[in-house]
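K.L.:
So you can see what is in the structure, the chains are spelled out below.
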Amino acid sequence: MNNPQLNKNGELQHLLTTEGLPARIVRDILDRAATFVNMAEGGEIKKVPLMQGKSVFNIFFENSTRTRTTFEIAAKRLSADVVNLNIGSSSTSKGETLLDTVDNLCAMHADMFVVRHAQSGAAHLIANHVAPHVHVVNAGDGRHAHPTQALLDMYTVRHYKKEFHNLRVAIVGDVLHSRVARSQIHAMTTLGVPEVRVIAPKTLLPADVGKLGVQVYHDMAQGLRDVDVVMMLRLQNERMTGALLPSAQEYFKYYGLTQEKLALAKSDAIVMHPGPMNRGVEIDSSVADGSHSVILPQVTFGIAVRMAVMSMLAGAK
Amino acid sequence: MNIHIKNGRLIDPKNGTDAMQDLFIAAGKVAAIGNAPAGFVADKIIDAAGLVVAPGLIDLAARLREPGYEYRATLESEMNAAVAGGVTSLACPPDTDPVLDEPGLVEMLKHRAKSLNQARVYPVGALTQGLKGAELTEMAELTDAGCVAFSQADVALTDTRVLLRAMQYAATFGFSVWLRPQDGFLARDGVAHDGEVATRLGLPAIPSHAETIALSTMILLAQETGVRLHVCRISTESGVALMRVAKQKGLPLTCDVSANHVHLSERDIGFFDSNCHLTPPLRSLRDRDALHAGLLDGTIDAICSDHTPVDEDAKQLPFAEAEAGATGLELLLPLALKWAGAGALSAALAKVTQHPARVLRLDAGHLSVGAVADVCVFDPEAYWKIEAAALKSQGKNTPFLGLELQGKVRYTLVDGQVVYQG
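Chains A and B are the protein sequences, given in the same order.
Position one of the first sequence corresponds to residue 0 (numbering that gives the first Met the number 0), numbered consecutively onward.
Position one of the second sequence corresponds to residue 0 (numbering that gives the first Met the number 0), numbered consecutively onward.
Please note that a few of the clues may not be correct.
Stated by the list, open to error - Distance windows between CB atoms, simulated:
#	chain 1	residue 1	chain 2	residue 2	range
1	A	K210	B	L402	53 to 63 Å
2	A	K210	B	F172	24 to 34 Å
3	B	A343	A	P21	54 to 64 Å
4	B	Q405	A	E194	45 to 55 Å
5	B	D96	A	T64	34 to 44 Å
6	B	G183	A	H217	47 to 57 Å
7	B	H208	A	T240	19 to 29 Å
Stated by the list, open to error - Computed list of chain A residues with no C-beta within reach of chain B, every gap over 10 Å:
#	residue
8	A22
9	V47
10	N85
11	H116
12	S119
13	L211
14	R224
15	P245
Hint data in this document are derived by calculation from the structure and do not stem from the laboratory.
These figures come from a predicted structure and were not determined experimentally.
Glycine is no exception: its CB is placed at the ideal position from the N, C-alpha and C atoms.
Only chain A is shown next, with the shape it has when bound in the complex:
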């Protein structure tokens, strides 16, 4: 199976993962997003007709209010028609397969699918199946990838730090189960971030994680020392079962981001989180709401980045 993200002209056909995404495309997306951010801040025009007459189907096999909403807003600001489907509660529970669902929606003349699914590889499967004029955006597949989240994170980093080539970045938390972490790592190595660290207990790191191009730390104090950017990961409550972690309290003590630990990072370090946050589990409220936090701007930039991705896909020949 070839990497189906690019078409024969080298344009973005689908956005499935940040792995192997050419740096020029990443930079194009970030530049394009900047024009949408400026436009929204100007306050006058929020809506552009770049996707007029196109139908975007948000198909979410896993519940997510936030991500689905930001995609919906992004599509509407591009003047697309948006249909939201929470498949978790409909067809597949009646035995319909994933590709049957997709075929049915294609028959309704979908131009773009925004897909979230609990299984790694679901977006690739759909992208390999649909007709050439249909585009697929991966809004999160299992533990594999969440490329628009990583791209909005890159936008945020560039907004505050201007450059990538002089940064030291730490990703903290449940890397093993995190599609966000994987996509962030690939995006940063593509953009030339020289030092990416992951900080987690051994139970929350996948095998050979170093081969993704990161340095591994188990001690948060060491890992945070002199970093420019701290990317926190969400810790699902279910990780307290299955002998991965003993308790949320102990996790917070050793891997939760507090003011004291953050003080080890550079004085102008920024703190990011993909949301939704578990205050008091992976991050202390005083940090989440503090002066280093850029968590809310991430959300704002997220809409612009998703507009950039969708308009770029819609423009591919």
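With chain A held as given, fit chain B onto it using these hints.
P.N.:
Same frame as chain A, now just chain B:
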């Protein structure tokens, strides 16, 4: 019927034969090699010029999907696939529905297979009732019904005491126990090797020590009980190393590997190719190299197809949800040849004839005078493209789809009858 196979290159690994010699078959048996026996009149002459004449292949693991999974494959389709692949004897694992844990089911399967007059089918009975790992099956009754060994198929036996007792009981009667080493807890929910690729793709993983921990337990219990243990589908470097040491100690162990694992690694998964979703998972390149070394030095006795026909719908799913397995009966010969290379045809054939026969304790897999005339005549040079239309099996699922492989079966004979001609 008397058959004269002439002008062929006769390769019989067990007898150390590799020469241009004619083969004469009469009354279902090898009547003579080289010169015709006195008074021999051929009813049929097969011109094997440019072809290799070898013992019929013996496959230690081929799922025929009957009973229970007829929508995936039927005995008819898979028996056709077997002879099209030059396979004249095959062992089928007990993971049917219902499980092969009752003599009646085994007798029915044997009877159905026999009536098709194609490859010989050797059922492997369930070691525990329903493969549930709790109660023993009636192994002696099942043996009378035709079972050649007892196994858990791909179901891990997590209760070590049950494993010990199953081995003790089997050893009492001299039965063989075939087990695939995989710790059920360490492998739980896993679908890919715990390495670089699973990490990159975010796939739940199965570590190598899921194999070695289970294998260590099996070897220790086999030593304790004296049971004849056959280790199925070994996949890791450390597993091969454990087997090598155990064999050096002189334990009565044998071991096989799937043809897929001889050639493929985790990297072949690419972007979630569900045809590469196999059990055990495709492992690292290092592991694959160790499997090659194990085949070469005899640590691994046999190559099997691990034939598992899966319907298209069950593969058109996200990787972890897709059903594991690959069709393989028709690929066993070319994949064995590809392992050994053109210069070592006899070494390749030994892994799919002589040695699997030894595992099964069958007087088969050779072409001595007087032996049953199960024969595979193939063109070692011919390339063919692996595509759905080229496969007789109802399962079209294989990681080799779209590739060209060398080695094509021209004739398959069972009991001295031509059952396939291609």
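K.L.:
Confirm or reject each hint.
P.N.:
Outcome of the hint check:
Taking the beta carbon of each, K210(A) and L402(B) are about 27 Å apart, not inside 53 to 63 Å as hinted. Checked against the hint of 24 to 34 Å, the C-beta distance between K210(A) and F172(B) comes to roughly 49 Å, which is inconsistent with it. In this structure, A343(B) and P21(A) break the distance hint of 54 to 64 Å, their C-beta atoms being roughly 44 Å apart. Between Q405(B) and E194(A) the beta carbons are some 49 Å apart, a value that agrees with the proposed interval 45 to 55 Å.
At roughly 42 Å, the beta carbons of D96(B) and T64(A) sit within the given window of 34 to 44 Å. One distance hint, 47 to 57 Å for the beta-carbon pair G183(B) and H217(A), is violated here, with the actual separation near 29 Å. A hinted range of 19 to 29 Å for the beta carbons of H208(B) and T240(A) is consistent with their spacing of about 23 Å. At roughly 19 Å from the closest C-beta of chain B, the C-beta of A22(A) stays outside 10 Å, upholding its exclusion from the interface.
For V47(A), the shortest C-beta to C-beta distance to chain B comes to about 33 Å, beyond the 10 Å cut-off, and the non-interface label holds. No beta-carbon of chain B comes within 10 Å of the beta-carbon of N85(A); the shortest separation is about 18 Å. The Cβ of H116(A) sits about 7 Å from the closest Cβ of chain B, inside the 10 Å cut-off, so the non-interface label is violated. Look at S119(A): its CB is around 4 Å from the nearest CB on chain B, not clear of 10 Å, so calling it non-interface is violated.
With a least CB separation of 7 Å from chain B, L211(A) falls inside the 10 Å interface cut-off, contrary to its annotation. Listed as outside the interface, R224(A) is consistent with that label: its C-beta sits roughly 25 Å from the nearest C-beta of chain B, beyond the 10 Å cut-off. Non-interface call for P245(A) relative to chain B: holds, since the shortest CB-CB distance, roughly 19 Å, exceeds 10 Å.
In this structure, the hints that do not hold are numbers 1, 2, 3, 6, 11, 12, 13, in rising order.
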